[in-house]
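J.: Given these sequences and hints, build the entire structure.
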Amino acid sequence: MTARAQVRGVGHYLPDRVVPNAAFEDTLDTTDEWIRSRTGIERRHFAAEGQTTSDLATRAARAALEDAGLEAADLDAIVLATSTADLTFPSAATMVQANLGMERGFAFDVQAVCAGFVYALTNANALILSGQAQRVLVIGAETFSRIMDWTDRGTCVLFGDGAGALILERAEGDGTAADRGILATDLHSDGRHRDILYVDGGVATQTTGHLRMQGKEVFRHAVEKLAATAHTALDRAGLGPEDVDWIVPHQANLRIIKATASRMGVPMDKVVVTVQDHGNTSAASIPLALSVGVARGQISRGDLVVTEAIGGGLAWGAVVLRW
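If you read the sequence shown in this note's numbering, its first letter stands for residue 2, the second for the next number, and so on.
In short, the hints are calculated from the structure, not lab data.
Note that the Cβ used here is the ideal one computed from N, Cα and C, for glycine as well.
Wrong hints could be hidden among the right ones.
DSSO-like, lysine-lysine: derived pairs with alpha carbons at most 30 Å apart [claimed, not checked]:
{"id": "1", "residue 1": "Lys271", "residue 2": "Lys259"}
{"id": "2", "residue 1": "Lys217", "residue 2": "Lys271"}
{"id": "3", "residue 1": "Lys259", "residue 2": "Lys217"}
Computed beta-carbon distance windows for the label pairs [unchecked claim]:
{"id": "4", "residue 1": "Arg221", "residue 2": "Asp27", "range": "26 to 34 Å"}
{"id": "5", "residue 1": "Gly203", "residue 2": "Ala24", "range": "25 to 33 Å"}
{"id": "6", "residue 1": "Gly239", "residue 2": "Asp196", "range": "19 to 27 Å"}
T.: So, in structure tokens, the structure goes:
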């Protein structure tokens, strides 16, 4: 028998405030048509004043616990992917731990920007396979609206706020690609490209800073690297594109999503797309899309799912799992 980290439950949360593309037309040289045609984004959600990343994460965590039929006391660990934690420290994960009333186990943040949830899943999988934990709550949560430069139409129209979560649980499999659970992972980073996507603030500057991005360069790297990492993860699982039921990609840009699916040889009717409703929610985008995909009836038990993402760093990777 082989240990596997299987999905036990999933959930998400989106702030109440919905911001359509037209809301930017009065302050920026842009239009709804311009944003839609270049990104596929139609609307996004913004956190309310005083609503923090850990607040969003806690809501998503409670939804995942309810879906799994579990209580916070049943968890051994929380791994939270975010680049917009409430404070420099302590981690947003420990704040969620307190909010849930979880008095045992451990909690920590993972920071790999838009690739954060893939990194968090990989870490949670390792914790389970090593025997360090039996059940891990994995969350992606962001309030990117707090780090936008509202005069930069190339970035501020792209991002939104939200959170998604899933619970991984240790189970036994046969050691084949037919097992439920995480079958393979693949992670990469290359710090030489840090200047094409970053925030120009932090401890060194004693400012929060704003997100800065060279869009064309990010697009070029994304299409090339996302397809490659997905193929590598599938190869490690002993599977191919023809075995994929669903690609659940990082929801950054519809053109990137389509180009990556094409390079993988997977038709768009096997891709879960939520970017039109959420915008780019960074580390939250994949768990949001997973939860929405389940709610829509797209993702079902036994389906082979591939997630892939790229973010600042550059950092990128993929996870292959059977739902």
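J.: Hints broken by the structure, by number, lowest first?
T.: Hint 6 is the one this structure does not satisfy, whereas the remaining hints hold.
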